Every structure is written in C-alpha cells, then in structure tokens.
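*Asks:* In case you want the letters, here they are:
2 protein chains.
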Amino acid sequence: MGRPSTPLLSSDVIAVAALRLVDRSGEFTIAQLAQALGVRPSSLYNHLGSKAEIVEAIRSLVFREGTLTAEDAATWDGTVRNLLRRYRECFARHPRLVPLVTAYTVSSPEVMGVYDDLAETLSGAGVPVGQLLDVITMCDSVVLGAALDLAAPDPGWDVDQARSPALIAAIQQAGSGRERSDRAFELALDLLVAGITTVVGGR
Amino acid sequence: MGRPSTPLLSSDVIAVAALRLVDRSGEFTIAQLAQALGVRPSSLYNHLGSKAEIVEAIRSLVFREGTLTAEDAATWDGTVRNLLRRYRECFARHPRLVPLVTAYTVSSPEVMGVYDDLAETLSGAGVPVGQLLDVITMCDSVVLGAALDLAAPDPGWDVDQARSPALIAAIQQAGSGRERSDRAFELALDLLVAGITTVVGGR
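Chains as they are written, first to last, in our numbering: chain A, 1 to 203; chain B, 1001 to 1203.
Be aware that one or more of the hints could be misleading.
Pairs of lysine to aspartate or glutamate residues, derived as EDC-like cross-links and limited to a Cα-Cα distance of at most 20 Å, are as follows [claimed, not checked]: (1) B:K1051 to A:D23; (2) A:K51 to B:D1154; (3) A:K51 to B:E1027; (4) A:K51 to A:D23; (5) A:K51 to B:D1072; (6) B:K1051 to A:D154.
Derived CB-CB ranges, DEER-like [stated by the list, open to error]: (7) A:P165 to B:R1093: 27 to 35 Å; (8) A:D12 to B:Q1173: 29 to 37 Å; (9) B:D1012 to A:D158: 38 to 46 Å; (10) A:R85 to B:D1012: 22 to 30 Å; (11) B:P1041 to A:P153: 44 to 52 Å; (12) B:A1036 to A:A103: 22 to 30 Å; (13) B:E1186 to A:G126: 45 to 53 Å; (14) A:I30 to B:I1030: 22 to 30 Å; (15) A:P41 to B:S1176: 26 to 34 Å; (16) A:D23 to B:D1012: 39 to 47 Å; (17) B:Q1172 to A:G49: 24 to 32 Å; (18) B:E1089 to A:P155: 36 to 44 Å.
FYI, nobody ran anything at the bench for these hints, they're computed from the structure.
This structure is a prediction, so every number in the text was calculated from the model and none was measured.
C-beta: ideal position from N, C-alpha, C; glycine also.
Could you build the full structure based on these sequences and the hints that come with them?
*Replies:* Here it is in structure tokens:
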C-alpha cells in the first residue's frame, strides 16, 4: 500500500544470493549479502544467525540441487559410487565454494542425512566404526578434489615443461575436458573401493 | 637520491603479496596487488605478465616453502607417501589457495619437477602410462582435500544432527584436531597405495 516493496527473505533466498557472490569472488561478507538483497544486515539475522549458518544453508542448497541422496544399488560399492558421482557434480558447478564448506561444521539435517546414508552403507559393507570417519573423510577429499578437477580448464599440465618421459606420454594420451576428468574420477572410485576392500575390511 | 624509494619488485615479492591477499580473502586482483605493493599495475606486468603467471608463481612459492621434492624411500610407496605428506602440509597452510591453483595450468619448472618425480616413481612401480595421469589426478585430489580437512576447525560434523548409529559412534570416537586429520590422511594413503597395487598394477 504505497510502501516500498521489500524482497521476501527466506533462508533459501539468502543462500542463493550468497552462493552467487561466492561463485563470483570466492567469498561473501554479510554487508555484501545485505546489499545484494537490498536489505539491512539485521534482516538477514532474522533468518540465519551467523555466517556459519549461511554457509550451511548454501551447502544444503547445493546438495538439494544435486538431489544428493543415496540410491540403493545392488552392491555397497555401487551405492557409494552413485552417491559420490552426484556429490562431485554438485561442487563442480561451484568450485569456489569448496574451501568455504570445508571450513564450517556440517550441521543441517539435509546434509547430515547424506553422511548418515554413506556411513550406514560403509558400515554395512564391513568398515569398522574406528575407521569409518577416516574413510568418509577420504571420500570427501576425493570428491572435492575431483570437483575442482572437473571445473578446471585444460590443460592441467603444460607438457612443454615436463621432463619425465612417462609424464610427457601420459599428458599426451590423457585427452581433455570432461572425458579426461570423468575417466580420472572413475579410476579414483575404483581405487577407493579396492582400498576399502583390502585395507579396512569392506566386502 | 631524494627520489621516493620504490620497492624492489621480483616475481617472489609479487607472489608473497598475492598469497597474503588470497589467504585473507580467497582471491586477488591486479589492482589490489599493485596497491598492496605500492606500485602501478604496469610494474607488475614487467615481472609476471598475467594473472595466470602470478598464480603459478604463488604455487611455485608454496611448493618451495615445503621443500617439496621426492625423497627416495626404500619403496615406491614410501616415496609417494613422503611426497604427498609434504604436499598436504604446504596447502594446509593456505587452504584458500586450493581452488585458485586448480583453476590454472601447472607450468613452472619447479612445480612440474614434482610431477616429474611422482610420474617416474609411479611408472617405475608399474602404473601404465594410459592410467598414469588419472592416478596423479587422484593423488592431487586426496592431498588437496586432506589439506582442506587439516585446515578445518573442529568438529567436522555436528553429532547432534546425525541419525546413523554408525556415524554417531564414529564421530564420537574420531578425536579431533591434527591427530584426527593426520590419521584420516594416513588411512587415505594406505587406501591409495592398496588401490594402485590392486587396480593398476603397482607392485
């Protein structure tokens, strides 16, 4: 009724705007975020009480974008592979987000649900509780590294600077783009699964 | 002789200043870098001709800080483990640098020398040329993910939000800080080496 219209704020609206800032510059501040949304910082705090909560809302948004849930496959390693493939795709679209999400505690129920599924699958496959979080940490590392690799431009290495004959041949044969990155990630999944089977009792 | 003193610019001086900006904000611009060094942008270009060259100078600096060279161990996997341990330490000190270095081609001779050593070691261990770059890419992923993990604050997961009994027990037993992160990384190295041995013919 004649008042200036104010945007309808929600946790998701804030997360979308913050993610846009991170994609562009690798970071966001509360001041930038308030400006981007045309609101006062205090209005943000009515929805998300801290930078940590905003980062967690972004992580939750990105996981939801990828419908990141554990689908049951016929085997435990099929389930793990499917989950990690989707997880990689999510973060390949937002590579600058990687060091932000690793710097904050996982706490949202949606995101924790993914780790619940991964933990139950690995535990059911025989990974002992005492090594379970270490294996999950390795899964995170492989996926986030592979997401950065998928987001990276070609070439990864300047072959003209290499001296190792094996490396020179490997770079020349490796191909490029998504095909190269996907093949490297699929081999990483093979190595991960083989490692789980031989080292920590996965079966 | 009465002229305002100008800083003695070099590639290393530029890289140190750019790394400081990245550590603080996750990014640098040429304008910010010139301002931080008290010079004009054109003076930077006399030493490093593009943002890509500056990123590569930072990567080279960080690798040198960690005296990142392949030391011969008694076994191929000992050599790989030592190299990847040092590589992780380098980037754990500069987590915000991770998505920047992965976004640019490896081209400096010092940095390429590390990949030369890694390639020769893995090749000597029986990894076929056709899978060599994929294995190296996985090594990069594991290390950079583990560096981000080491740089992260505790806890990684809010146990109160977990529902999986296995995950709850795993989080409660995992410990914290460097001890937790180091143990996870050492297990990751075990899984990586086991995977190389069983999947791609390392021996």
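*Asks:* Evaluate each hint against the coordinates.
*Replies:* Quick rundown of the hints versus the structure:
| no. | hint | in the structure |
| --- | --- | --- |
| 1 | B:K1051 to A:D23 | 18 Å, holds |
| 2 | A:K51 to B:D1154 | 16 Å, holds |
| 3 | A:K51 to B:E1027 | 19 Å, holds |
| 4 | A:K51 to A:D23 | 16 Å, holds |
| 5 | A:K51 to B:D1072 | 45 Å, violated |
| 6 | B:K1051 to A:D154 | 16 Å, holds |
| 7 | A:P165 to B:R1093: 27 to 35 Å | 33 Å, holds |
| 8 | A:D12 to B:Q1173: 29 to 37 Å | 35 Å, holds |
| 9 | B:D1012 to A:D158: 38 to 46 Å | 20 Å, violated |
| 10 | A:R85 to B:D1012: 22 to 30 Å | 41 Å, violated |
| 11 | B:P1041 to A:P153: 44 to 52 Å | 24 Å, violated |
| 12 | B:A1036 to A:A103: 22 to 30 Å | 24 Å, holds |
| 13 | B:E1186 to A:G126: 45 to 53 Å | 20 Å, violated |
| 14 | A:I30 to B:I1030: 22 to 30 Å | 27 Å, holds |
| 15 | A:P41 to B:S1176: 26 to 34 Å | 32 Å, holds |
| 16 | A:D23 to B:D1012: 39 to 47 Å | 31 Å, violated |
| 17 | B:Q1172 to A:G49: 24 to 32 Å | 26 Å, holds |
| 18 | B:E1089 to A:P155: 36 to 44 Å | 27 Å, violated |
Hints 5, 9, 10, 11, 13, 16, 18 from the list above are not met by this structure, while the remaining hints are.
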